[in-house]
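S.K.: Let the sequences and hints guide you as you build the complete structure.
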Amino acid sequence: MNARLLIVLSLGATLAGFALRPDVRSTDVIDPQLLRANNERWQSLPEVEREALRERFRRFRSLPPGEQEALDQRSATLRRLRARLSQRQGHEPTAEEAALELSRVVKDMQQRIQDAGGSAATTADLLAQLDNRTRRCIEAFFDNLGRRQRLSQPELARLRSQSLPEQLRDALLLFKAEQINLYAEGARPDEADALLPLSPLDVAAFTERQRPVRGYFGKLGRWVPLTDGDRKFLADADNALEFKERLRELKSPQLRELFIAQGLAAERVEALLSGPVNELEREADEVLATAAGTEVPTPH
Amino acid sequence: MNEFQGIRLMEYLDGRLPPADRAAVEEWLEKDPEARHVLDEQRRLWSLLGQDLPEPAVSASAEFRAVTLERAAQERPAALLPLRTRAVALLAASLLVAVAGWAWWSAQGQVRLDETDRAVVGRLHLLEQYDFLQAHADELDVAVKAEVLRHFQGELPREAVR
Numbered sequence: 009m010n011a012r013l014l015i016v017l018s019l020g021a022t023l024a025g026f027a028l029r030p031d032v033r034s035t036d037v038i039d040p041q042l043l044r045a046n047n048e049r050w051q052s053l054p055e056v057e058r059e060a061l062r063e064r065f066r067r068f069r070s071l072p073p074g075e076q077e078a079l080d081q082r083s084a085t086l087r088r089l090r091a092r093l094s095q096r097q098g099h100e101p102t103a104e105e106a107a108l109e110l111s112r113v114v115k116d117m118q119q120r121i122q123d124a125g126g127s128a129a130t131t132a133d134l135l136a137q138l139d140n141r142t143r144r145c146i147e148a149f150f151d152n153l154g155r156r157q158r159l160s161q162p163e164l165a166r167l168r169s170q171s172l173p174e175q176l177r178d179a180l181l182l183f184k185a186e187q188i189n190l191y192a193e194g195a196r197p198d199e200a201d202a203l204l205p206l207s208p209l210d211v212a213a214f215t216e217r218q219r220p221v222r223g224y225f226g227k228l229g230r231w232v233p234l235t236d237g238d239r240k241f242l243a244d245a246d247n248a249l250e251f252k253e254r255l256r257e258l259k260s261p262q263l264r265e266l267f268i269a270q271g272l273a274a275e276r277v278e279a280l281l282s283g284p285v286n287e288l289e290r291e292a293d294e295v296l297a298t299a300a301g302t303e304v305p306t307p308h
Numbered sequence: 100m101n102e103f104q105g106i107r108l109m110e111y112l113d114g115r116l117p118p119a120d121r122a123a124v125e126e127w128l129e130k131d132p133e134a135r136h137v138l139d140e141q142r143r144l145w146s147l148l149g150q151d152l153p154e155p156a157v158s159a160s161a162e163f164r165a166v167t168l169e170r171a172a173q174e175r176p177a178a179l180l181p182l183r184t185r186a187v188a189l190l191a192a193s194l195l196v197a198v199a200g201w202a203w204w205s206a207q208g209q210v211r212l213d214e215t216d217r218a219v220v221g222r223l224h225l226l227e228q229y230d231f232l233q234a235h236a237d238e239l240d241v242a243v244k245a246e247v248l249r250h251f252q253g254e255l256p257r258e259a260v261r
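Chains as they are written, first to last, in this note's numbering: chain A, 9 to 308; chain B, 100 to 261.
Don't take each hint at face value.
Short, incomplete list of chain A residues facing chain B, as computed with Cβ under 10 angstroms [claimed, not checked]:
| no. | residue |
| --- | --- |
| 1 | Arg62 |
| 2 | Arg66 |
| 3 | Gln81 |
| 4 | Phe150 |
| 5 | Asp178 |
| 6 | Pro220 |
Here are a few chain B residues that sit away from chain A, every Cβ distance over 10 angstroms (derived from the structure) [stated by the list, open to error]:
| no. | residue |
| --- | --- |
| 7 | Met100 |
| 8 | Arg107 |
| 9 | Asp113 |
| 10 | Gly114 |
| 11 | Arg121 |
| 12 | Ala122 |
| 13 | Lys130 |
| 14 | Ala161 |
| 15 | Gln173 |
| 16 | Glu227 |
| 17 | Asp237 |
| 18 | Arg257 |
Honestly, the hints are just simulated from the structure, not real lab data.
Here a beta-carbon is modelled for each residue, glycine too, at the ideal position from N, C-alpha and C.
M.R.: Shown next, in the form of C-alpha cells:
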C-alpha cells in the first residue's frame with residue numbers, strides 16, 4: 009500500500025514536472041519534441057561551439073528568404089532520411105551512410121524517369137525536371153483551392169509571386185491543414201490534435217500510412233467505407249497516388265451513385281471520377297456537408 | 100463534671116500535667132466514680148484512634164469504569180500516524196519537492212536563452228549539418244521534390260500525372 013502510494017505520487021510529480029517544463033511548450037512552429045531535444049543538445053555544447061553556431065545562424069539569416077526556406081526543407085528531409093536509416097540499420101547513420109542513401113534516392117528517381125520514357129542523365133537534369141513537375145503540381149493545388157474559394161484572389165496572387173521553395177512551404181502548410189481536417193472526421197479528437205505539432209511532410213507521411221487502413225478520409229470515409237475485401241484488393245498498390253486511383257476505380261459505382269443522389273450533375277461526377285484524384289475528398293466534403301444520414305448507396 | 104474538670108482529665112490523659120497536679124487528679128479520681136468513668140471513656144476513644152481502621156470501599160463499579168474509559172477515548176487528542184506511514188509520506192513529499200525543484204531548475208535553463216539563442220536552438224539540426232547540406236544540396240533537393248510529389252501529384256489530372 010505504502011509502496012504503491014509512493015510510486016503513484018512520484019509518477020504524478022514527474023509527469024507534472026514534464027508538463028510544467030517550458031521547453032515542452034513551444035511558441036514556435038517547430039515540433040516541441042524536436043525543440044526539447046535540440047535544447048538538451050545545446051546545453052551540452054561548449055561555449056566555443058555555441059559561438060560558431062551563432063555565427064553560422066547569422067550567415068543563414070543573411071540569405072534571401074527563398075534560399076533560407078530551401079535550406080530548411082533540405083534539413084527537414086535530411087532529418088527524416090537519417091531517422092529512416094537509423095530505424096533500418098539500428099544505429100545513427102554516419103555522414104557517409106546518409107550520402108549513400110541520398111545517391112540511392114537520386115538513382116531511383118532517374119530510373120523512374122527512364123522507365124516513363126524520359127531522360128535525366130545528370131542530377132542537374134533530374135532536378136530541373138522535378139522542379140518543373142513540382143511547380144505544376146503546386147500551381148494545380150493552388151488553382152484547385154482557388155476554384156473552391158478556399159483561397160482568395162489576392163492570396164493566390166501572393167502565393168504565385170513567391171519563389172518555388174516559398175511556394176512549397178506555403179503549399180505544404182495548406183496541405184497539412186487540409187489533411188488534419190480530413191483525417192479528424194473519423195478519428196478521435198486527440199489523434200488529430202497530435203498531428204498539429206508535426207511538420208507538414210511528417211503529417212503527409214502519417215496520413216499516407218493510414219490510407220490503406222481507412223481508405224477515404226473526411227465525410228467520404230463514412231459514406232464509402234473500406235471493406236476487408238477492398239483492402240486485400242488494394243494491398244499491392246505501389247504508392248499513395250496509385251492507391252487513391254485504384255480505390256477511386258474500385259468504388260466508382262458507389263461514388264457515382266452517391267454524388268448523383270446528392271444532386272451533382274452527371275458531367276461533374278464524371279469529371280471527379282477521371283480528374284485529379286485529390287479533388288474527390290474535397291468535393292465530397294462540400295457536397296456531403298448538408299447531407300443527412302450515413303447510408304451508403306448500393307450500386308445497381 | 101464541669102468543663103474545667105473535663106479539660107484537667109484530658110490534660111492528665113495526655114500526660115501534660117506537672118507531678119503535683121497529676122497527684123491531685125489521681126486523688127480526685129480515687130474519690131469520684133463519675134470522674135473515673137469519664138476518664139475510662141476518654142481512654143477507650145483514645146485507643147481507638149491509634150488502631151488500623153478498615154479501608155473504605157471506594158473502588159469504581161465496572162459500569163462506571165467502562166463509561167469513564169469510553170469518554171476518555173473520545174476526548175483524547177488525535178493520535179499520530181504510525182511511524183512507517185509517516186516515513187513514507189515524508190519520503191513522498193521529499194520526492195515531490197525534488198521534482199518541483201528540478202522542473203524549476205530546468206525552467207531557469209530555458210529562460211536564460213535569449214532570442215538569438217532560441218532561434219539557433221530551433222534550427223540546431225540545420226546549423227550542425229550546414230556543411231553536409233551545402234555539399235549535397237542538389238541530391239537533397241531531389242529528395243525533397245520526390246517526397247513532395249508523392250503527395251501533390253494527385254492535384255493533376257490522371258493523364259498529366261502519367
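S.K.: Look at each hint and say if it fits the structure.
M.R.: Results of checking the hints against the structure:
1. Arg62: 6 angstroms, holds
2. Arg66: Cβ of Arg66 of chain A sits 9 angstroms from chain B, so the hint holds.
3. Gln81: 5 angstroms, holds
4. Phe150: Holds, about 9 angstroms.
5. Asp178: 12 angstroms, violated
6. Pro220: This hint is violated: Pro220 of chain A lies away from chain B, its Cβ roughly 15 angstroms from the closest one there, beyond 10 angstroms.
7. Met100: Holds, because the least Cβ-Cβ distance between Met100 of chain B and chain A comes to about 87 angstroms, which exceeds 10 angstroms.
8. Arg107: Given a closest Cβ separation of 85 angstroms, the condition holds.
9. Asp113: Label holds. Min Cβ-Cβ 76 angstroms, cutoff 10 angstroms.
10. Gly114: The claim stands: Gly114 of chain B keeps its Cβ more than 10 angstroms from every Cβ of chain A (closest is about 78 angstroms).
11. Arg121: With a cut-off of 10 angstroms, Arg121 of chain B remains clear of chain A, as the shortest Cβ separation is near 86 angstroms.
12. Ala122: Consistent with the label, Ala122 of chain B stays out of reach of chain A, its closest Cβ about 92 angstroms off (over 10 angstroms).
13. Lys130: 96 angstroms, holds
14. Ala161: The assertion about Ala161 of chain B holds, with a minimum of 39 angstroms to chain A.
15. Gln173: 28 angstroms, holds
16. Glu227: 7 angstroms, violated
17. Asp237: 5 angstroms, violated
18. Arg257: Per Cβ check, Arg257 of chain B is inside 10 angstroms of chain A; nearest 6 angstroms; violated.
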